[in-house]
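Colleague: Its first residue numbered 387, the sequence shown is counted upward by one per residue in this note's numbering.
Just so you know, the hints here were simulated from the structure itself, not pulled from any lab data. Mixed in with the good hints there might be a few duds.
For lysine-lysine, the following DSS-like pairs were computed, each having C-alpha atoms within a straight-line distance of at most 30 Å [said to hold, decoys possible]:
1) K398 / K501
2) K506 / K413
3) K535 / K443
4) K411 / K539
5) K467 / K487
6) K535 / K413
7) K501 / K491
8) K441 / K413
9) K435 / K502
10) K501 / K443
11) K423 / K539
12) K413 / K443
13) K414 / K501
Quick list of the computed label-pair ranges, beta carbon to beta carbon [unchecked claim]:
14) P460 / R543: 32 to 38 Å
15) E537 / H457: 26 to 32 Å
16) G547 / K431: 21 to 27 Å
17) K501 / R438: 32 to 38 Å
18) R489 / R438: 32 to 38 Å
19) K506 / T396: 17 to 23 Å
20) M472 / E523: 34 to 40 Å
Beta carbons: idealized from backbone N, C-alpha and C, even for Gly.
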Amino acid sequence: MENATIYSFTVKDIDGNEFPMSQLKGKKVMIVNVASKCGFTPQYKGLEKLYRDYKDKGFVIIGFPANNFAHQEPGSNEEIKSFCSMNYDVTFPIMSKISVKGRDKAPIYQWLTTKKHNGKMHSTVKWNFQKYLINEEGELEQMLNPWVKPESKKISRWIEGN
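Make a model of the complete structure from these sequences and hints.
Modeller: In structure tokens form, the structure reads like this:
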């Protein structure tokens with residue numbers, strides 16, 4: 387797994403289907419751990435707007451529901467899918483619920499948070515809605531803390547390459 391790109395991973399989408407990250411080659415990708423009962427949950431609205439604004443310009447958001455922080459994502463995949471659809475009209479890809487920290491941390495998050503794997507930086511997932519920005523070559527470029535809103539100029543400038 388050392389210095390692999392994000393493209394070496396296959397994850398499961400919210401419906402349980404395989405989702406090879408290699409299908410995102412050539413796109414800028416934001417990976418974000420999401421939760422339905424968090425103070426940051428309204429960021430779903432900003433994430434969806436960001437996705438709709440840039441999805442036709444080579445950008446995608448991948449949401450990973452996780453219940454690692456204060457039991458703020460207790461639902462099943464079906465409940466999470468329904469919540470995202472009914473409350474925020476989410477159209478960006480949502481994956482199956484995973485763990486983003488601890489001994490059962492999902493392999494993709496082991497890569498995102500470990501410098502010896504991603505070749506860029508070591509990080510800790512601090513809370514729900516932490517964002518990881520992946521370039522068009524599948525390499526980790528930066529991590530943004532949960533309180534950085536999707537509307538942040540820092541994010542739109544990164545997507546636009548400014």
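Colleague: Please go over all the hints and tell whether each is borne out by the structure.
Modeller: Hints, one by one, checked against the model:
1. Restraint check for K398 and K501: satisfied, since their Cα atoms lie roughly 24 Å apart, inside the 30 Å limit.
2. Restraint check for K506 and K413: the C-alpha separation of about 19 Å stays at or below 30 Å, so the hint holds.
3. Taking the CA atoms of K535 and K443, the gap is about 20 Å. The hint holds against a cut of 30 Å.
4. Distance check on the hinted pair: K411 and K539 sit about 24 Å apart at the alpha-carbon level, within 30 Å; holds.
5. Taking the CA atoms of K467 and K487, the gap is about 22 Å. The hint holds against a cut of 30 Å.
6. With a CA separation close to 21 Å, the supplied pair K535 and K413 stays within the 30 Å bound.
7. With a C-alpha separation of about 15 Å, the suggested pair K501 and K491 falls inside the 30 Å cut-off, and the hint holds.
8. Annotation: proposed proximity of K441 to K413 holds, straight-line Cα distance about 9 Å (limit 30 Å).
9. The hinted pair formed by K435 and K502 fails the criterion: a straight-line CA distance of about 34 Å is larger than 30 Å.
10. Annotation: proposed proximity of K501 to K443 holds, straight-line Cα distance about 29 Å (limit 30 Å).
11. Of the pairs offered as hints, the one joining K423 and K539 holds, with about 26 Å between alpha carbons and a cut-off of 30 Å not exceeded.
12. Straight-line distance between C-alpha atoms of K413 and K443 comes to about 8 Å, which keeps the hinted pair within the 30 Å bound.
13. Restraint check for K414 and K501: satisfied, since their Cα atoms lie roughly 20 Å apart, inside the 30 Å limit.
14. Taking the beta carbon of each, P460 and R543 are about 36 Å apart, inside 32 to 38 Å as hinted.
15. In this structure the supplied range 26 to 32 Å holds for E537 paired with H457, their Cβ-Cβ distance being about 28 Å.
16. At about 25 Å, the CB distance of G547 to K431 agrees with the hint of 21 to 27 Å.
17. Evaluation of the 32 to 38 Å hint for K501 and R438 yields a pass: the beta carbon distance comes to about 33 Å.
18. Take R489 and R438: their Cβ atoms lie about 37 Å apart, and the range 32 to 38 Å holds.
19. A hinted range of 17 to 23 Å holds for the C-beta pair K506 and T396, which are about 21 Å apart.
20. At about 36 Å, the CB distance of M472 to E523 agrees with the hint of 34 to 40 Å.
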